[in-house]
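Protein chains: 2
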Amino acid sequence: MENFNFYSPTEFVFGKDRENECGKYVHKFGGTKVLLHYGSSSAKKSGLLDRVTQSLKKENIEFIELGGVQPNPHDSLVYKGIELCKKENIDFILAVGGGSVIDSAKAIAMGVPYEGDFWDFYSGKKPKEALSIGTVLTIAAAGSEGSGDSVITKEEGMLKRGASGDCIRPKFSILNPQLTCTLPAYQTACGATDIMAHIFERYFTNTQEVEVTDRLCEALLLTMIKETPRVIADPNNYAARANIMWAGMVAHNNIVGVGREQDWNSHGIEHELSALYDCAHGAGLAVIMPSWMEYVMHHDVMRFAQVATRVWGCQMNFSQPEETAKEGIKRFRQFLHSIGMPINFKELGAKESDIPQLVKTFGIGEGETGGFVHLKANDIANIYKIAVDASI
Amino acid sequence: MENFNFYSPTEFVFGKDRENECGKYVHKFGGTKVLLHYGSSSAKKSGLLDRVTQSLKKENIEFIELGGVQPNPHDSLVYKGIELCKKENIDFILAVGGGSVIDSAKAIAMGVPYEGDFWDFYSGKKPKEALSIGTVLTIAAAGSEGSGDSVITKEEGMLKRGASGDCIRPKFSILNPQLTCTLPAYQTACGATDIMAHIFERYFTNTQEVEVTDRLCEALLLTMIKETPRVIADPNNYAARANIMWAGMVAHNNIVGVGREQDWNSHGIEHELSALYDCAHGAGLAVIMPSWMEYVMHHDVMRFAQVATRVWGCQMNFSQPEETAKEGIKRFRQFLHSIGMPINFKELGAKESDIPQLVKTFGIGEGETGGFVHLKANDIANIYKIAVDASI
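These protein sequence lines are chains A and B, in that order. Numbering of the first sequence is given in this note's numbering, commencing with residue 2 and proceeding in unit increments. Numbering of the second sequence is given in this note's numbering, commencing with residue 2 and proceeding in unit increments.
Misleading hints may appear alongside valid ones.
You can't tell identical chains apart in this list, so a pair holds if it fits in one copy or across any two.
BS3-like cross-link-like pairs, simulated, lysine-lysine; straight-line CA separation at most 30 Å [claimed, not checked]: (1) 127 with 17; (2) 29 with 172; (3) 29 with 45; (4) 127 with 172; (5) 34 with 172; (6) 227 with 45; (7) 127 with 227; (8) 17 with 386; (9) 347 with 172; (10) 81 with 331; (11) 227 with 129; (12) 129 with 25; (13) 81 with 227; (14) 155 with 129.
No wet-lab data here; the hints were simulated from the structure.
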């Protein structure tokens with residue numbers, strides 16, 4: 002195991018009706034004037050925003066609204082939010098929504114106390130301070146409610162890039178599984194795929210002897226495999242929604258990924274798809290991740306055989322372990338198909354002819370990207386090519 | 002899943018040589034004058050205390066030493082520590098040792114800002130504030146490095162009682178697996194048993210549909226079953242030590258126990274043994290926990306069959322699930338025996354004739370204690386009786 006620091010100081014407030022307590026937690030963590038940040042009108046229509054504002058009013062907390070965050074959140078709204086916060090002396094951002102809203106809130110939070118362009122933090126600069134953030138989560142997917150990460154798309158060139166820092170970990174996150182029951186099946190499945198990808202990106206590692214985090218990753222995958230089909234079949238299954246929501250947080254606050262090299266190339270390769278086609282991130286991952294697995298499998302067949310047997314219930318083929326490894330990938334793709342995810346370019350609405358452009362915007366030029374297997378531009382192209390015709 | 006809050010704001014600093022950074026972390030979390038709290042002379046002899054004090058000096062942090070914490074830490078040293086902290090205007094307690102030292106530090110930390118007797122917190126009162134605490138952990142066992150719990154023994158009557166509160170969660174905990182390599186095999190095994198007990202006390206629940214925490218508990222148990230025999234066979238196996246150390250923290254900061262009813266009766270029943278005989282807590286648990294399992298198994302045979310198949314690798318007996326359940330408990334006891342733990346009263350040095358006294362000091366009188374199965378005084382006596390002659 003490699004040396005590491007793990008620091009997840011977010012207070013998680015989990016369960017039915019907990020959004021009615023958000024004012025109390027804003028108060029607890031020192032907020033006096035809040036930017037209430039959200040996405041589409043659905044938060045308004047559902048009554049959620051009313052409950053949130055009632056809770057803020059109950060604590061005599063002032064707030065200003067900034068809605069309109071779109072999936073794959075853009076930099077233009079971030080700039081607007083930063084300006085608004087400075088003008089109104091906002092000291093706390095409350096994000097009500099999914100990963101896109103929370104990521105946008107994090108970008109604004111970093112931008113307010115910073116004199117330069119907030120995009121610097123999405124170009125490699127480490128943030129040192131940020132406004133305090135709280136969240137009321139409405140989709141189990143991104144894990145942004147418990148992470149120190151944010152992904153924003155720059156409209157100029159449609160560049161999708163990430164930033165990280167402990168200062169953007171939320172002070173509190175309210176997780177009420179009831180709020181996810183109204184999600185359409187497709188979005189539910191996209192969220193589940195994103196969660197599984199967060200686990201796999203940690204699972205495939207060159208670090209040896211990391212049994213505890215291997216087993217914890219497998220535990221979360223087994224949970225997702227059991228619970229996801231149940232919520233697709235019955236959207237109001239609270240118990241299954243609750244298991245998925247907690248799994249989504251644990252999968253990405255990094256308690257199961259510490260001390261091991263990770264591989265985030267599937268996320269990166271997918272980001273080009275959602276940036277170009279504005280598809281759901283989870284849907285893009287369903288197309289890319291099994292294709293990436295097929296391409297890199299021979300780097301460590303036994304690790305793929307391990308997940309096939311421990312997670313996918315395959316019988317180990319001791320004379321031909323690569324058959325077991327392949328069977329595991331096949332079952333992953335079958336699972337994704339069964340929950341309604343696209344598994345190839347056609348189903349996603351992507352075009353083979355765009356591959357050169359996708360590889361170009363991936364942006365490694367003549368270089369390579371690290372992780373479990375180092376990849377060059379032609380490897381990225383080959384992974385997209387596998388994804389073109391992938392089938393079960 | 003039940004509603005819950007989860008708040009674990011400790012910064013975990015994990016890996017080789019990390020104790021040399023303790024001064025930096027005391028500084029980061031606002032400490033200026035430190036009570037350096039430790040146990041026996043082994044921390045001195047090994048050079049660990051020298052490294053810690055060097056690190057404090059490097060940051061110009063004043064400190065005063067208070068050693069002498071014994072296993073099953075006593076209230077008398079806590080009173081001494083509180084007095085010393087008040088007299089010397091201490092603002093930070095650095096605990097260097099295992100669970101006993103950390104628990105003693107937590108008791109002192111609560112006692113300093115409190116006008117009454119610190120024992121109030123061990124008699125049901127909730128603490129509101131405490132001095133800041135940091136830890137340098139030397140034994141993977143109690144999980145106190147990441148928990149808001151503390152257990153202290155009151156010398157008058159040898160009462161062993163617990164206190165809980167978020168304010169006594171350490172600000173930082175340094176976990177260097179190298180420091181555990183010099184532990185004798187017996188203490189290593191006691192620690193492993195304590196970790197497994199922390200998982201089982203969460204696992205046996207009446208809360209339905211808690212797949213994610215079930216699976217996470219199983220992941221930690223599987224890790225302990227793999228790694229413990231390796232460190233007993235080779236004390237210097239760093240990788241195995243590291244896996245156990247992280248598992249020990251995750252097992253007890255409650256991330257795997259949230260949203261479910263838990264059962265801490267085995268811990269309570271054991272505490273009477275270690276209070277009376279001053280035996281190691283882990284050794285007492287090895288005697289008590291499988292006996293408790295045998296006694297309560299029929300309350301939920303399928304839950305015991307689940308752990309038997311998922312964790313102990315038993316084949317499910319579908320026509321007689323109780324046979325599978327029993328086989329799981331048997332394998333647990335065999336495992337404990339294989340790592341050198343006592344499994345009955347004789348091996349522990351306990352006496353059957355003391356059972357009435359043990360039951361009396363357990364202190365429920367005519368009442369009962371809650372959890373997975375509610376127990377009355379005669380149930381406690383019956384569990385001790387099973388433990389008298391237990392065998393593999």
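Which hints from the list above does the structure break, by number from lowest to highest? 6, 7, 8, 9, 10, 11, 13
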